[in-house]
Each structure stands twice: as structure tokens, then as C-alpha cells.
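Residue numbers (my numbering), protein chains in the order written: chain L, 1 to 72; chain G, 73 to 395.
No lab work stands behind these hints, which were simulated from the structure alone. A portion of the hints provided could be inaccurate.
Footprint (simulated), chain G over chain L, 3 or more residues, beta carbon under 8 Å [to be verified]:
#1 23-33
#2 44-52
#3 59-72
Chain G side only, calculated, beta carbon under 8 Å to chain L, not exhaustive [to be verified]:
#4 Phe101
#5 Pro110
#6 Asp116
#7 Ile120
#8 Glu121
#9 Pro233
#10 Gly237
#11 Asp291
#12 Ser294
#13 Ala389
Keep in mind that this is a model prediction, so the values were computed, not measured. We put the CB at the ideal spot given by N, CA and C, even for glycine.
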Amino acid sequence: MTVERDEFGFDAPAPLGHPGRAGLPAGHTTGPNVGERLPDFELPDANGRTVRFHEDRADCKTVLLFYRSAVW
Amino acid sequence: MRDSYSKFEAHGIKLYAISYDDEKTLREFADAQSIPYPLLSDIDSEVIENYGILNTEVSKDDAFLHGIPFPGAYVTDANGVVVAKFFHDTYKKRDSAETFIDAAVGNIHQHADAPSAEGGQPELKITAFVHGGSGSIRQGIIRKLVVRFDLADGLHIYSRPVPDGMVATELKVSGPVGFIAQEIVWPKPQLLDTEFTDKDLYVWSGTTDIVIPFYADGDLVSETRPLDVEEINIELSIRYQACTSTECLLPRTETLHLTLNTDVIDVPKLKMHLGHGQRESQYDSTPALRRLIWRKAKQNPLGLPKFVWKSIKLEWAARRRGA
Chain L
1 MTVERDEFGF DAPAPLGHPG RAGLPAGHTT GPNVGERLPD FELPDANGRT VRFHEDRADC
61 KTVLLFYRSA VW
Chain G
73 MRDSYSKFEA HGIKLYAISY DDEKTLREFA DAQSIPYPLL SDIDSEVIEN YGILNTEVSK
133 DDAFLHGIPF PGAYVTDANG VVVAKFFHDT YKKRDSAETF IDAAVGNIHQ HADAPSAEGG
193 QPELKITAFV HGGSGSIRQG IIRKLVVRFD LADGLHIYSR PVPDGMVATE LKVSGPVGFI
253 AQEIVWPKPQ LLDTEFTDKD LYVWSGTTDI VIPFYADGDL VSETRPLDVE EINIELSIRY
313 QACTSTECLL PRTETLHLTL NTDVIDVPKL KMHLGHGQRE SQYDSTPALR RLIWRKAKQN
373 PLGLPKFVWK SIKLEWAARR RGA
């Protein structure tokens, strides 16, 4: 694939405008805000164990990371 | 994140990472990369959508790309209440693990292996150190340059605004082309208790950390070409005036120099690769990619040909631009 530099000065091996390079539009909201409790959820982990978020973190400070993919 | 995981543990901070990948993919990835924290599988992007961070710039017709979030992170206190969150205008900008730890803990730990430089005078020590990862500079990965003042009891330095004749603390950092310093993050100053002036003066005393976040763009470090240079030099200029409640020292300007290693990420030999890629290439995600394409194609059979056609057109347009 073609390498192109974006308006932020970053290179990626994909043409500009490719949906895989889509960033956060200005003014778009980014979910729960500072001061709000994170919504609870239930998801399986890599070993098939069901993780209930607030129960699993057991009153610990927590970092919850959303990333695009482990695949590409 | 993986390389810094022991620091999360040392501070009693839990770490979870969510993506739309299937469990098998996450298992293979976690095994190959020795990921020690839970990777959660939000296969239908329900949590991503519920949180309001589904990447709406990716359409349903963008085949297997649909369902990804705007990447980012939330840091919570022990009650699960957000104390800080980190989202950026482009997925290329990413925070160092240490930034999350700082947000959770509420202060900045200097690590022995990070590049640093010292200045100051008696009773006033200045340490400038790089914070985040090993302190190396990579495309889009945001590190911090921390300027720490250790002021002896009774001494303070000034925040803006100051009356004529006094000097407020100022920092300037410069580096090679492609070294991008972001806006300085000043700590909250204290109102000075003094009878000298009836104007309000705001000061810092004790240990004071001033932070300059920075990263490299493609001019300096790119993920699509080998490193041009192994290291870079940055120059930090610090102007300040220290006073006690009865007298002031002369204003000073100090210049400190730091050397940072540049760092590039090995990306897997995949045709489809748009991100930072994996830190090492032990993980061959080709079978996982096939599975992902198939899973999404079943949900929207026309998406794949549409996406392929769109990609071809974008590729042609890029070649016409001479990329």
C-alpha cells in the first residue's frame, strides 16, 4: 500500500482518506466524563472467563483502555 | 502497556483492554506477546457503542473495519468514577502507560533509567527528566518532559501574572524538526501570603512538577521507514526568580540539554496494517485477519466488495498525488 503523510505529520502505509486512518472528528464526544462512574459491562476475556467490570476490579483504581484491534 | 505492567501492579491499579476481536485472536495475541492483563472481547462492539465511542467515521460498508472505537482510555478511582480520560484527534497519538499511572496516583514518579539533566542553585534544585516508557521518542507516542523544582522551605517561584520588576517562571523547549512539544501543563499555584504588596501573587513552593508533553511526527521518526538517527538532542531553557517572604534572588535563565533515543516499531509483514502494529513481530495475525474478514462479511456480504473497490480508488488517488 501507498505510504502517505497525514495532516498531523504522521506516516502510515495506507492512502489518505482510508477508513482505517479515520480520526476523532473535532467536537465529537468521547463517552463518560470526568466525575461520572463508568457504565458497568460484562465481557469475556481471552480465556473465555466472563469479566464483570466493576465486580472484577474489586475496588481498585482502574485503567480501561479501548484500542482498535490486535489484528491489524 | 505490557512493558510497564509491573508499575500498574506496584500501585495497585487494574488494567483492562477492550477491542472488537474474537476470544481466539485475543488468546493468540496475549500468548505471543505475553500480555499479562485482561484483553476483553467486545465482539459486536456493544460496549464500545454503549460508551458512545464507536468510530462513526468508519461506515458499515468498510467491511471488517466497522466496529472499532475511537481509541482512548479512562482512568478511574477506587469507586470506578472517571478521574481522567485520554482521547486524541488522531489514533496515531498515544499516551505512555506512565501517564495513566500518574493520573491514577496523582503524582509523577521519576524512573532511574530515564534521560535527565540537573540545574539550579543552593536550596533550589532543578531536575528535567523524560517520563514515559524508556523515555525513547517514537512516532505519535506522547512522552512527558518533566521539569521538577525542589525548593527549600520558605522559597517560592512565581506563576503568571507578576507585577513589573518580577519574573514569572517560563519554559521553552526546542528540538530537531519533527520534535513536537505540546502545550505546557502548569500545576495549580498557591496564593502567596505576604504583606509586601496588595496585589495577589501566585507561587509554587516545595516540589513542583511542570510538564511538557511531546512526541515525534513523521519528519523525525516514521513507522514506514528505518530510523534516520539513533538519538536526538533537545534543549530546555528555564527562566525563574526565587524569593522568600523577605528577599528575592536574582532572576536566572538556565539551559539544560537532554539526549533521547529514537525508537521504531517493527510492524508485522501484513498487507493490511494501518496502526502502530505490534511491538514485536512474533504474532502472525494473518489467520485472525481472515477470521475477522469472514465474520464481518457474514453480517454485511456487500461490505467487502465495496470496501475493496473503495480501497482501490483511494490507492489510485494517492498515486495520482504522487505519494
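Verification of the hints:
Note: the region 23-33 of chain L has 10 residues with beta-carbon separation from chain G under 8 Å; the three-residue rule is met and the coverage holds. Evaluation of the coverage hint for the region 44-52 of chain L: fulfilled, as 6 residues show C-beta separations to chain G shorter than 8 Å, against a requirement of three. With a threshold of 8 Å between beta carbons, the proposed coverage of the region 59-72 of chain L by chain G holds, since 14 of its residues qualify and at least three are required. At about 4 Å, the closest approach between the beta carbon of Phe101(G) and any beta carbon in chain L falls short of 8 Å, and the interface hint on this residue holds.
Hint on Pro110(G) holds. Least Cβ distance to chain L is approximately 4 Å, under the 8 Å limit. For Asp116(G), the interface hint is violated, since its Cβ never comes within 8 Å of a Cβ in chain L; the closest pair sits about 10 Å apart. With 8 Å as the threshold, the beta carbon of Ile120(G) comes within range of chain L, its nearest partner Cβ sitting at about 7 Å, so the hint holds. Interface restraint check: Glu121(G) against chain L, minimum CB-CB distance 10 Å, threshold 8 Å, status violated.
A least Cβ separation of about 28 Å between Pro233(G) and chain L goes past the 8 Å threshold, and the interface hint is therefore violated. Taken as an interface hint, Gly237(G) does not check out: its beta carbon lies about 39 Å from the nearest beta carbon of chain L, beyond 8 Å. For the restraint placing Asp291(G) at the interface with chain L, the shortest Cβ-Cβ distance is roughly 6 Å, inside the 8 Å limit, so the hint holds. Against a cut-off of 8 Å between C-beta atoms, the interface hint on Ser294(G) holds, since the closest Cβ of chain L lies about 4 Å away.
For Ala389(G), the suggested interface contact is upheld, since its CB lies about 6 Å from the closest CB of chain L, less than 8 Å.
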